[in-house]
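Kindly produce the complete structure, drawing on both the sequences and the hints.
Heads up: the sequence shown begins at 18 in the numbering used here, then just goes up one per residue.
These aren't lab readings, by the way, just hints derived from the structure by calculation. These figures come from a predicted structure and were not determined experimentally. Where is the CB? At the ideal position from N, CA and C, for every residue including glycine. Heads up, some of the hints might be wrong.
Stated by the list, open to error - Taking lysine-lysine pairs in the DSS-like style, the calculated list, with each CA pair at most 30 Å apart, reads: (1) Lys52 to Lys76; (2) Lys23 to Lys55; (3) Lys23 to Lys76; (4) Lys52 to Lys71; (5) Lys71 to Lys23; (6) Lys23 to Lys52; (7) Lys76 to Lys55; (8) Lys71 to Lys55.
What the hints assert, rightly or not - Label pairs and their computed distance ranges (CB to CB): (9) Thr30 to Asp94: 29 to 37 Å; (10) Gly95 to Thr30: 28 to 36 Å; (11) Tyr19 to Phe128: 18 to 26 Å; (12) Glu105 to Lys52: 35 to 43 Å; (13) Ser64 to Arg127: 32 to 40 Å; (14) Arg126 to Tyr27: 31 to 39 Å.
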Amino acid sequence: CYGGGKALRYTSTCRPDAATVVFYGSPLTDVDELKRLKAPVCGVYGSEDAQFPKILLDKFQSALNEAGVENDVRVYDGVGHAFWSDMEQIERGDRPQAEAYGQCTSFLRRFFDA
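Below, the structure written as structure tokens:
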């Protein structure tokens with residue numbers, strides 16, 4: 018969570034060529050900061066996360082789009098902060114954890130295969 022926000026800030030300042038995956042991290046909404054990114058961003062959030070309300074996440078995605086940053090930011094319905102806690106959820110096929118896992122792994126494959 019904390020690490021996701023840090024990852025985004027790190028890539029925007031130190032490694033703009035690195036893809037960024039954010040799980041429930043504090044989003045950046047400053048378009049000028051996001052314009053530094055030269056690689057895509059994947060974001061995974063829950064609709065019931067009190068730390069990051071939907072209006073903030075919409076602003077994040079709008080800022081990414083305005084900055085021209087390829088992104089796959091999704092807000093999963095009915096779950097809160099840190100809704101994915103272990104790989105057993107994936108093995109069981111729990112929803113939306115398995116969907117978030119698929120989102121993240123597909124995103125990384127596309128980036129590294131390019």
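Going down the list of hints, with the structure as the test:
no.: 1; hint: Lys52 to Lys76; in the structure: holds (15 Å)
no.: 2; hint: Lys23 to Lys55; in the structure: holds (17 Å)
no.: 3; hint: Lys23 to Lys76; in the structure: holds (18 Å)
no.: 4; hint: Lys52 to Lys71; in the structure: holds (22 Å)
no.: 5; hint: Lys71 to Lys23; in the structure: holds (20 Å)
no.: 6; hint: Lys23 to Lys52; in the structure: holds (17 Å)
no.: 7; hint: Lys76 to Lys55; in the structure: holds (20 Å)
no.: 8; hint: Lys71 to Lys55; in the structure: holds (25 Å)
no.: 9; hint: Thr30 to Asp94: 29 to 37 Å; in the structure: holds (33 Å)
no.: 10; hint: Gly95 to Thr30: 28 to 36 Å; in the structure: holds (34 Å)
no.: 11; hint: Tyr19 to Phe128: 18 to 26 Å; in the structure: holds (23 Å)
no.: 12; hint: Glu105 to Lys52: 35 to 43 Å; in the structure: holds (40 Å)
no.: 13; hint: Ser64 to Arg127: 32 to 40 Å; in the structure: violated (25 Å)
no.: 14; hint: Arg126 to Tyr27: 31 to 39 Å; in the structure: violated (22 Å)
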